[in-house]
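Chemist: Throw the hints in and build the complete structure from the sequences for me.
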Amino acid sequence: MRTSLLGFLTGTAVLALVASQAQAADLPSRYSPAPAYGAMPAFTWTGFYAGVNIGYGWSTGTSRYYDPAFGYAGGGKSGGFVGGAQAGYNYQFGMFVLGAEADLQYAAVGNKGASYGRIYYPGNSDGFFGTIRARAGVAFDRALIYGTGGFAYGDIGGNNAYDPLLGYRREDSTNGGWTVGAGVEYAVTDNITAKVEGLYVNLDTRSNYVGSAYEAVRRDTEFGVVRAGVNYKFN
0 MRTSLLGFLT GTAVLALVAS QAQAADLPSR YSPAPAYGAM PAFTWTGFYA GVNIGYGWST
60 GTSRYYDPAF GYAGGGKSGG FVGGAQAGYN YQFGMFVLGA EADLQYAAVG NKGASYGRIY
120 YPGNSDGFFG TIRARAGVAF DRALIYGTGG FAYGDIGGNN AYDPLLGYRR EDSTNGGWTV
180 GAGVEYAVTD NITAKVEGLY VNLDTRSNYV GSAYEAVRRD TEFGVVRAGV NYKFN
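Heads up: the sequence shown begins at 0 in numbering that gives the first Met the number 0, then just goes up one per residue.
If you're looking for bench data, these hints aren't it; they were derived computationally from the structure. What you are looking at is a predicted structure, and each value in this text was computed from that prediction instead of being measured. Even glycine gets a Cβ: it sits at the ideal position worked out from N, Cα and C. Be aware that one or more of the hints could be misleading.
Unchecked claim - Per label pair, the in silico range of CB-to-CB distance:
(1) G197 - Y231: 30 to 40 Å
(2) G93 - W57: 30 to 40 Å
(3) A135 - T188: 16 to 26 Å
(4) A101 - V183: 32 to 42 Å
(5) D140 - D203: 17 to 27 Å
(6) A86 - V195: 15 to 25 Å
(7) I191 - V225: 16 to 26 Å
(8) N201 - D140: 32 to 42 Å
(9) W177 - N234: 29 to 39 Å
(10) A135 - I191: 16 to 26 Å
(11) I53 - A99: 14 to 24 Å
Modeler: Next up, the structure:
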């Protein structure tokens, strides 16, 4: 009798345990599924871009030439507004960025006149210049430090002065030369970048006289530029 009662109680306990396990398996889980994270794409400088810039330029050349009436004469140094647009392409591999850029600028940086002896005759400073440059730099995520250099061309004016013997002297031809510089650019968003850049530009020019005589004297027109710009980067 005692043995039968013990067996009955043991069987009942086993059946209760199995039933509770089965019931627990049917209940919803207390744990949420693991969230799925999408990896954020790394920023890249690779792609085409275009933008605008403004800045300041200053003439560094003395613009000396030979005047048949007064001997050697030259224009004074001057500076003024620079502004324009640029476009280019970058390619990034690892931390390094290679690219090419072209720009076209309005520039009021020419020598504003010419001195003949002790007399100064004012002139015009309006002109333009453009560059076609290679760029090479190192990227630190969204920051890019780069150097740049290449071909430059333009006519920055500034030599339209009055010669008391020969009449008006003018400089109205487009000339070629070279440029070198450096800059820092930062990606504010995936599509908008801002930069600060400095350039040195050297153009070979000739002075032309209009009046009773003509003379062409080769010389250098040199000027520096510091400018800030904004680019839109195409995806």
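Chemist: Does each hint fit the structure? Answer for all of them.
Modeler: Against the structure, the hints:
no., hint, verdict
1, G197 - Y231: 30 to 40 Å, "violated (22 Å)"
2, G93 - W57: 30 to 40 Å, "holds (38 Å)"
3, A135 - T188: 16 to 26 Å, "holds (24 Å)"
4, A101 - V183: 32 to 42 Å, "violated (20 Å)"
5, D140 - D203: 17 to 27 Å, "violated (41 Å)"
6, A86 - V195: 15 to 25 Å, "holds (18 Å)"
7, I191 - V225: 16 to 26 Å, "holds (21 Å)"
8, N201 - D140: 32 to 42 Å, "holds (35 Å)"
9, W177 - N234: 29 to 39 Å, "holds (34 Å)"
10, A135 - I191: 16 to 26 Å, "holds (23 Å)"
11, I53 - A99: 14 to 24 Å, "holds (22 Å)"
Comparing the model with each earlier hint shows violations of hints 1, 4, 5; every other hint is respected.
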